[in-house]
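Engineer: Heads up: the sequence shown begins at 1 in the working numbering, then just goes up one per residue.
One or more of the hints may lead you astray.
Here are the computed distance ranges between Cβ atoms for each label pair [said to hold, decoys possible]:
1) G824 - G992: 35 to 45 angstroms
2) G71 - G724: 44 to 54 angstroms
3) K81 - N909: 49 to 59 angstroms
4) G150 - N761: 46 to 56 angstroms
5) N410 - N596: 33 to 43 angstroms
If you are wondering where the hints come from, they were derived from the structure by calculation, not from laboratory data.
Please read all numbers here as calculations on a predicted model, not as lab measurements.
We put the beta carbon where it would ideally sit given N, CA and C, even for glycine.
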Amino acid sequence: MYVDAQRTSLRRVPPAKISPTPGLFRPSLVNPGPRSYHSNSAYGIVLLLLSTLLLPVVSSLSQNAWFYPYGEDASDNATEKTDDGGSGKITLWQPFPFFAKRHDKLYVNNNGVISFLQNLRIYRPEDFPLTDNTPLIAPYWADVDVQKVGGTVWYRQTLAKAILERADQDVHAYSSAYKRFRSSWAFVATWEEVGYYGAVESGKNKRNTFQCVLVTDGTLSFVIINYSRIEWTTGSNSHGTPETGLGGNPAQAGFNAGDGVNFYEIEGAGTDSVINLTHTSNVCIPGRWIFRVDAPEIQGDSGGLYLFPSSGSMMGGYEVNITGPCFDSARSVQGLIVETNTTFACTQENAVGARTVTCVMPTMFRVGPVTMSVVVDGQQWNYTGDFTFVNVALVSGRVIRHSPKRWRANQGDASISWKSDLFDPETYRNVSVQVMAYKVGDEEEEPRWVAAGPEMVVRNTADNKVPLQLPPLSDTLLAVIRVKVPYRLINGSYLSHWSDVFPVRWSTAGESDEKCSDWLSQEQSRSELTQQAACPCTLKQAESDTGRWQRDPLCSHDSATLYNCIYRGSRTHECIVPTFKGPQTVNQHCCYGDNNELLDVREGGGGSMLERYHFRSRSDQLTGSDQVVPWFSYLTEDVASYLHCCEYASNSSLCVQFRQQRAPVSCQGYKPPAAAQAAGDPHIVTLDGVNYTFNGEGDFILLQDVSGNIRVHVTAKRAVDVDGKLGNATVFTAVAMSVVNETDVVEIRQTNNGGVAVLINQTQVDFTDTQMERRGMTIYRNETGNNTVEFTVVMDTAGISVLVSATPELLNIMVLVGSSELKGNLTGLLGNYNGEKDDDFQSRSGDPVPITANMSDVHYRFGMTWMLPANETLLYHQTAFQDATPESAPVVDYVPIFFDSLTDEQLRNGTVELCQGNLQCIFDFQLTGKESIGASTRKFNDRFESVVKDVAPVVRCPYVQQIANGNRTLEGQAVGQKVSFACDEGYKVMNGSTTLVCLQSGKWNSTTPDCAEFLGMEKWDFLYWSIGGAVGGFVFVIITIFLIRCIVIKCRKKYVPKKNADTESEAEQGIGLQTLFRYSETPNPVFENPLFVTSLQNLRSGEGKFQIPRPRYVDPNIYTEYF
């Protein structure tokens, strides 16, 4: 949700450029120069006579209808009826801001003046500014005589609910810029039927009746002046005519700041025309004038336009009220956006005192502030105001799309509904529903919405589903559902409410394939995307690093929309995107799973990757090929392309090609932010982690870079203890920040009534929603309960965020510095930020103070050197919110109590239970006695420590890719987590390890394995059997031969005869065998040959070559066997 910045800055177009529309009443502006108040010309006399005789005298009854109750019936007090007398000092129940100072007492003077600081007894009205420096309000400063001529001066201060509510209504009617103003105090002074000094004859019957009402909420303050009866202008001592009370030195009306410089005069004041105050006005109610008086300059003229709301969605179709000068209801009025020369329909409310026109805002494909004006009867008016168009990504669609995942073009599965507060069923019984298609602009035309199908008229069935069939939507990337009704006030104009802008899913996957292919072709010719920063490793880091990252509008756990995260992948739980640093900044998004760990897009189901556009990217021109439209260009170029290539396509290779164009982003190299705090009264932890307590009073530099461009300033004021006394300690009550020439000045400030105000460039804005975008700044608001409201101000271009937790008593502050480039370049009360603690206490002049120094030395030699002079501070309170009275002036000899001077014996009762050992809480409770301050300090300190823990560095090992010819199981990338590998069938691990473990060093303990191919068993069967058979056969042959050989040898040994004793020597020598016959001559059978037998018998004789041992025993049967 975007926040309405209600208090718009006012500008006047120089009159030389544009003349005001004739015939329209325009009150005069402040006359900055001196002038004569004497008007003796004949023209003036005639004017006076006409005023007296011809102008109808408005009855006291009708004019008094605008008066607040007064007199005895209202329990008023009356001043003393003495000449030039008054009320005496009136101590106010609540300080009243006036001309940038707060006043706690005032004086009601009989002569038509309310003065501050002192009573004013001067009866003769003088020129503003006064020389005696008395701040005053002059509803009608003239020489009144209630003692002799008559009349009564009444006064009271009040907290009555009825009076405060009436004052609120009057302020709201004065300007829609203050629709949320709620007064907390009022003061009513009434001069009833008072006469003038020196009146004679008929002059004694002339009477004036007027009233002055002061109201404030503690920060804003207004003065309401009602004129019922004005019949005289001048007392006789002011050279007036005693019989008529006219002429001479007429009455003064307006405001004097009391500084000799600033003042404001009501139109006609100090001239004869002052008598016409019953007929003139700056709020279109004759006789009534309303002014805002708390700022350094009085705001009462209608030279500016005020818009309510002052911001809204770029989709348009909603009402905006424009408050300005009194409009003539007979004239036609149009709204005008000056920068684009765009006009739009407006109508004028026909009410008494109408100063407001109501307009229906057009669709604008741009965001940020624009200048608004009005066109009256075709002529531009010379009054302007500001309006801010809000990125549609930050505005929830009022028309709800149900089951958005099932929505497809040319199919009937869609349905919508809307809340009952969109269109009053009694006023609008039927509504029109239409699908609108987004058309990108070309060389001549800007982007636009076009009807994509027939308009469907349905009953205004609020909170009920309405079925809807989407048209084909060919070649349409983005669409929206528009529900509209004819606007009852403007013919031809429609009030419209819209769904979210959604990427179109076509009916077939083939269409997505074709679209993705076209996109890939175009993307290859565009500039290559370069990663700007690593993603935070964990979601806790991401959510705490608010200076550099913000929540993704498409995927956030804070979102309750039905389409949350559906465009980020099935595994995605939460995403973040970088803070916006420029119109053409390259973007990336970082997404996290339900385990709060960063997702890698290569895993599928969503992840983190580069993108071409940020959702806030924009170009100056909305025509031509280089046009970049906030949100819409991001949806078409980054979101829709991802969906069509990776989610909707049938060809998975398209997603692989997409990821080549949109590279993944890891958390390798991520550096967490540095955190610092200033809590309680105040206890500071520097960016390098040094703790100390500082109790200086004034404006100080909390943080600045060495060039002085980045600035964070704070205001420290004396703490008020439980008895209402100023203590010897201080608290921060305001903080302001900016980057010179890059951002607005944003200030968060406590108000006097315990509230908190947001100021932009020293002008208070109405900030009640959750988010506001200003130049170079993004501001988030969060109601935390327990009378605490939080603001986070992000300095987009600097990478710094400032969290401000506002309680009724003080501001607690936490600063996060994300940019590593700032290390070594930041100084101030948050220390010399360079990563080293020892030199944190460095004075503004560069002198070091040891961090071991006592708190007194730290206070004076370090802290107080960072005090700001009035001409350097960003803070508005130096002139605008200071106390004006001596009673509340700062004590010059203030000496704080130092943290290291407290002892346990001094502790208050209940300290142990309240503070639970927190030293900062103990100190704050001891000095103030307020449990609320002690408790808030402890809780904020606990929160700070939690943030420091959340952003602490973590170790994550690099992403491990899938391996070829295998699969990978990734347990995680944290220390101790594992990744396992297994090769596919037919492959085996050749190198590396099948299990990797993440080490504390951020590296894996081994390398990724390779899976190498090898033949399977079915291919080797024949070879195995062949080789096995051959080897087996060979082995069998060898074994067989060996066995045969063994048998032969064994057999030979078995049949050798034993040697006899007497022939032992011959047996030992063996018997030589002679050749009996050649192989060819061998007889057959050999043993039957007598020659063989004879030779055998003679073996032992001779020197035969063949010898056999003589057997020791010969079986007698052997001869039978052989022979």
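Engineer: Does each hint fit the structure? Answer for all of them.
Structural biologist: Hints versus structure:
1. G824 - G992: 35 to 45 angstroms: 42 angstroms, holds
2. G71 - G724: 44 to 54 angstroms: Since the Cβ atoms of G71 and G724 sit about 35 angstroms apart, the hinted range of 44 to 54 angstroms is violated.
3. K81 - N909: 49 to 59 angstroms: 56 angstroms, holds
4. G150 - N761: 46 to 56 angstroms: With a Cβ separation near 50 angstroms, G150 and N761 satisfy 46 to 56 angstroms, so the hint holds.
5. N410 - N596: 33 to 43 angstroms: At 40 angstroms between Cβs, range holds.
The earlier numbered hint that this structure contradicts is number 2, and it is the only one.
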